Every structure is written in C-alpha cells, then in structure tokens.
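Visitor: Let chain X serve as the given structure and place chain C on it in line with the hints.
2 protein chains.
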Amino acid sequence: MNVDDLDKQLMFLKEIDGLKRVVRQSPLLDRSRKENSAEHSWHLAMYAWLLQEYAAEPVDISRVIRMLLLHDVVEVDAGDTPIHAPSDRDDQAEREARAAVRLFGLLPGAQGEELMALWREFEAAESADAKFAKALDRFQPFLVNISTDGGTWSENNVSREQVLKRYSVEIGRGAPRLWALCEEWVAAHPENWQRPKP
Amino acid sequence: MNVDDLDKQLMFLKEIDGLKRVVRQSPLLDRSRKENSAEHSWHLAMYAWLLQEYAAEPVDISRVIRMLLLHDVVEVDAGDTPIHAPSDRDDQAEREARAAVRLFGLLPGAQGEELMALWREFEAAESADAKFAKALDRFQPFLVNISTDGGTWSENNVSREQVLKRYSVEIGRGAPRLWALCEEWVAAHPENWQRPKP
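In the order they appear, the protein sequences are chains X and C. Under our numbering, the first residue of the first sequence carries the number 1, and numbering increases by one thereafter. Under our numbering, the first residue of the second sequence carries the number 1, and numbering increases by one thereafter.
Chain X extracted, bound-state conformation:
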C-alpha cells in the first residue's frame, strides 16, 4: 500500500461528487425534477446488468457496467450535452477530452490510464462492449420520454421522424431487440406524444 496512492484515489472520489450536480434534460419518471448524471449513471449500470441478454454481440458485462459508471464523469468539468439542443460538438468534445486528462490524472498512474482507456473506448463506440453501453445510454432516456408523454421530445418539439432518426443507429446497432421495441412505442404514439387520456 502506497499512502500517496490512497490520497490520490480519495481526491478523485471527492472530485467526482460534482457529477451529482450535473443536471440532465431528462426528467425522473414521476416528472418531479430533472435527473442528474450521477443517478443516471447508476440507473444505466442497472440497465446493463439486467438487459445484457439483448446486446447485439457477446459482451463482458462487468466491463460494460464499469464503462457506464464512468461514461459521464467528464461532465464534472464539461457539463452535459443534450442530444436535442443545438451545440458545438467539436468544442464539447475538446472540453471533455481536457476534463478526462485532468480528472483521470488525479489517480495513480496505472489506474488513471485504465479509466482513460475505458472512457475512450466508450466514446469511440467500436467495441462490442462500447456499442452496447452506447445503446443503453440512448435507450434509458428513450424509455423515460415514452413514459412521460414525450418528455424532452415534447419540450424540444422533436417529431416522431426525428426521434427515429436520432436514436436508431446507436440503439439499433448495440441492442436491436430494444430498438424494435422503441419503434413499436413510437408507432403507438400520436405525433404530439400526448397519449389519449383514458
């Protein structure tokens, strides 16, 4: 045990407490408030664990869970990037890359490199693990929006066609069975996302 290592690990763990203050666009299912990125990461890890059988290719579910626990940590510095908001994605990618260097650099060398490599793998979305993780990162807010009369889609006037276009690649490629369900949900909703009241 290296005392300096423990200091560094605790510094990192304290620093990422800030993820609890990064507010996303998606609401909680009861619509009482918006979701933050820390609880979103927890929920995604549970999605991965329980829905692993729907991955397009065989995955190492323990790696996928860690990838999802980690995937938004850079938002501590860089903030959240809503999928439907106009934004400069190059600028955001640069902010996130700087955040990764700073945050993972707080950790002991080998551990920092492990997290950096896993985060980059998620961002690249090329490995089977990363493709499934990315699919879930889209599927969870999709389910929230479907369950809340359109959620962020209603707020941002996103049409059914735009939804099908913006989500199909990532969910369809990483978890085709879940994407088939998404298509069914969209087809069952009217264009303004408001379900008829019973």
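Hints are not guaranteed to be accurate.
Identical copies carry no separate label here, and so any pair may be met within one copy or between two of them.
[Stated by the list, open to error] Quick list of in silico lysine to aspartate or glutamate cross-link-like pairs, EDC-like style, CA-CA up to 16 angstroms: (1) LYS34 <-> GLU121; (2) LYS165 <-> GLU184; (3) LYS14 <-> ASP30; (4) LYS8 <-> ASP30; (5) LYS34 <-> GLU113; (6) LYS34 <-> ASP80; (7) LYS14 <-> GLU53; (8) LYS34 <-> ASP90; (9) LYS14 <-> ASP88; (10) LYS8 <-> GLU53; (11) LYS165 <-> GLU191; (12) LYS34 <-> GLU123; (13) LYS34 <-> ASP4; (14) LYS8 <-> GLU183; (15) LYS34 <-> ASP149; (16) LYS8 <-> ASP88; (17) LYS34 <-> GLU183.
Simulated from the structure, these hints should not be mistaken for laboratory data. If you're wondering where the values come from, they're calculated on a predicted model, not measured in any experiment.
Guide: Just chain C now, kept in the frame of chain X:
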C-alpha cells in the same frame, strides 16, 4: 428472447427510478443538498472499483460493484434508515424484506432470484465480497462527514467516541487500511467537529 421477460425487466427498471427520490442524511460534499440513494449507490460502486486493493480479503470486484448498485434498492419501498437516528431496526428489516420480495419478484424468475441472493448476501455481511461492500457503505458517508465539519455527526451531536464505536466494526473488518485512516481523521478533529478556520 421472451417478450414477457423484457416487459418484466423494464417494469423493474422503471420501478427503481424511485430510488432517486429516497433522500439520505448525508450531504453532498459542497453541502448544497442531501444525497439521494441512487447517486449514493453510483458513488459507492466507484469507490469499490477504485479502492479494491484495500479489501481485507480477496474479493470479486465485479460482484462487489453489483452488490453496491443493488444494496439500497429495497428503499424504494422501505425508505432510508439513518445510522444515527433512533429507529426500530426489526421493523425496518421486515419492511426491507417485504420490499425485496415485491421488487425482485417483478423480474423473470432466475434473474429475480440472482438479485435476491446478492442482496441477502450483502445484508448478511459474512462473505468477503459483502464485508468489503459494507465497509464502503460506511466509509463513504464517513469521508463526507469528515469533509463537511462533521456533517450528520454535528447535526445529531454524535461524539468522536460514538463515531469510533459505530463505524469501527464494519469498516475495520472489511477494509482495515481505510479504518486506520478514519481513526487518524477523527484524532485530528476537535470534539465539536469544527475545523479551526485558517
């Protein structure tokens, strides 16, 4: 793929959204609000991943992470039990057991049984994995309190002696190196937990 299974899994994943509304006693590190059990579970999983080298015995870190993601899910029905508040622990244990039956019972049979077994293993705190998980579940709020002039200890007039007594068994047994650090922190704090201002 069984359509009914996916329906059940999504029902469970929607149900545990409620964990984001279970508020714990511990504050965020910036003291802006209290922490909820979902983001607490995320943070603990990160603690496990990064501090695994301090486990008292060899652990399967992927199981520990899943155990911690899961450990508070019963609070969706049963609520949080603060460590320093007077409460009827038998009654709480019964509420949690009922919650486990209802919640894990939403899942397909084998998956529900897997989660039930892992939750019971955590509660029993007998296996190496569970002892380490329990240690972290105490260590994380300990670090928060130390970092916030006593946090919930100040609020509840918990003395240094009471702190040492209430946390020593679980942290000391599961992660002795972390407990040694806790003892150093307590020794460095005055009895009222307020650090001298610089």
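Visitor: Are the hints correct? Go through all of them and say.
Guide: Structure-based check of all given hints:
no. : hint              : in the structure
1   : LYS34 <-> GLU121  : neither (28 angstroms within a copy, 33 angstroms between copies)
2   : LYS165 <-> GLU184 : within (14 angstroms within a copy, 56 angstroms between copies)
3   : LYS14 <-> ASP30   : between (30 angstroms within a copy, 10 angstroms between copies)
4   : LYS8 <-> ASP30    : neither (38 angstroms within a copy, 19 angstroms between copies)
5   : LYS34 <-> GLU113  : neither (32 angstroms within a copy, 32 angstroms between copies)
6   : LYS34 <-> ASP80   : within (12 angstroms within a copy, 22 angstroms between copies)
7   : LYS14 <-> GLU53   : neither (34 angstroms within a copy, 18 angstroms between copies)
8   : LYS34 <-> ASP90   : neither (26 angstroms within a copy, 35 angstroms between copies)
9   : LYS14 <-> ASP88   : neither (29 angstroms within a copy, 32 angstroms between copies)
10  : LYS8 <-> GLU53    : between (37 angstroms within a copy, 14 angstroms between copies)
11  : LYS165 <-> GLU191 : within (15 angstroms within a copy, 60 angstroms between copies)
12  : LYS34 <-> GLU123  : neither (24 angstroms within a copy, 31 angstroms between copies)
13  : LYS34 <-> ASP4    : neither (38 angstroms within a copy, 30 angstroms between copies)
14  : LYS8 <-> GLU183   : neither (46 angstroms within a copy, 19 angstroms between copies)
15  : LYS34 <-> ASP149  : within (15 angstroms within a copy, 29 angstroms between copies)
16  : LYS8 <-> ASP88    : neither (33 angstroms within a copy, 39 angstroms between copies)
17  : LYS34 <-> GLU183  : neither (25 angstroms within a copy, 38 angstroms between copies)
The structure is inconsistent with the numbered hints 1, 4, 5, 7, 8, 9, 12, 13, 14, 16, 17, although it conforms to all the rest.
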